[in-house]
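Engineer: Dock chain B against the given chain A, drawing on the hints supplied.
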Amino acid sequence: MGAIVTGFGLGVIEGLTKVFYPEASNTVIFIIMAIVLMIRPAGLFGTAK
Amino acid sequence: MKHQRIALLVMVAFFALAPTMIYPLFLMKVMCFALFACAFNLLIGYGGLLSFGHAMFLGFAGYIAAHAAKVWGFNPEFAILAAVAAAALLGLGAGLIAIRRQGIYFAMITLALAQMVFFFCLQAPFTGGEDGIQAVPRGRLFGLIDLAPVFNMYVLVFAIFLGGFLLIYRVIHSPFGQVLKAIRENEPRAISLGYDTDRYKLLAFVLSAALAGLAGGTKALVFQLASLTDVHWSMSGEVVLMTLVGGLGTVFGPVVGALVIVAMANYLAQLGAWVTVVQGIIFVICVLTFRRGVVGELAHFLKKPL
Chain A
1 MGAIVTGFGL GVIEGLTKVF YPEASNTVIF IIMAIVLMIR PAGLFGTAK
Chain B
1 MKHQRIALLV MVAFFALAPT MIYPLFLMKV MCFALFACAF NLLIGYGGLL SFGHAMFLGF
61 AGYIAAHAAK VWGFNPEFAI LAAVAAAALL GLGAGLIAIR RQGIYFAMIT LALAQMVFFF
121 CLQAPFTGGE DGIQAVPRGR LFGLIDLAPV FNMYVLVFAI FLGGFLLIYR VIHSPFGQVL
181 KAIRENEPRA ISLGYDTDRY KLLAFVLSAA LAGLAGGTKA LVFQLASLTD VHWSMSGEVV
241 LMTLVGGLGT VFGPVVGALV IVAMANYLAQ LGAWVTVVQG IIFVICVLTF RRGVVGELAH
301 FLKKPL
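Protein sequences, first through last, are from chains A and B.
The first sequence begins at 1 in this note's numbering and counts up one residue at a time.
The second sequence begins at 1 in this note's numbering and counts up one residue at a time.
Treat the hints with care, since some could be wrong.
Distance ranges between label pairs, derived from CB positions [said to hold, decoys possible]: (1) A:G9 / B:T276: 29 to 35 Å; (2) A:G7 / B:Q123: 42 to 48 Å; (3) B:R199 / A:A24: 30 to 36 Å.
No wet-lab data here; the hints were simulated from the structure.
Yeah, the Cβ is synthetic: ideal placement off N, Cα and C, and Gly gets one too.
Isolated chain A, as found in the complex:
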């Protein structure tokens, strides 16, 4: 479930970035990944073991 939702979400975010600030569209997903791994190491939908 997490893979579907975040895959869709990240696709939308990348698309939207392409509209407003095209240069950053390749980088934005990595920024989001870094932030998510910082605050939720198990991922948005994962549970910490």
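Structural biologist: Quick look at chain B alone, frame taken from chain A:
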């Protein structure tokens, strides 16, 4: 110890005599990448940390050295020092963020940070975007020695490479290196023995970043060019390849690996896009048949660490 000394002599003799037979610019490229791979090996081979963003240190340091030499008019030694300092600072920042996670998460965070640095290098006004910084002057070393002749540049690169290599060798065989190995083998146990593992890992990360920066700064002066290829994530992949082909966690492995990979990229260039295919095949063969790498297998055969 005796075998390592012989191997060191062989390596020094090779790089000292080879320019009479092999194109010196190619050898300088090999030495830059060898130092880069050695720095990377310090982190993965001895600290057990797989960083997938080491290109950011190589490339960013290259930009700093090129900018310092070209725009600020620094002497080459200060341009390279500025590059090392910049890479160490970047390593400190990246390390503080990445060290808190382990395994795949560590690799992914370093990759994410490297992509951000790539984006910065693409957009920042001083890097020249897609063009990079071209026609970087090599300048005069200490204001005395003109580095434009190939021989002078070769001696400088050789000295930097050897200095970096011996520093890494010393670090590996110091108590600090032993603690790093303990962390690689069993981190909870190292913690239970009272070692502040995060501090050791951060120190190793910064050290590795600074040495990668040394390689990057030198490379920018050798080729008089700092470009985006050095910051691209494929460079991070290439350095993993060099280290694996040469032998993970061996002192001389990364040097051999860098020689093999750079030689392949150079001498197979007429194959065009097929170079990556050949590289991939060699990588697969390497992983399937000799997993310890060239030097790793040799060391296993001799039953001595190399």
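Engineer: Please test the hint of 42 to 48 Å on the beta carbon pair from G7 of chain A and Q123 of chain B.
Structural biologist: This hint is violated: roughly 27 Å between Cβ atoms.
Engineer: Range hint 29 to 35 Å: satisfied by the CB atoms of G9 of chain A and T276 of chain B?
Structural biologist: 32 Å, holds
Engineer: Indicate whether the distance between the beta carbons of R199 of chain B and A24 of chain A respects the range 30 to 36 Å.
Structural biologist: 34 Å, holds
In terms of the numbered hints stated before, the structure departs from hint 2 and from no other.
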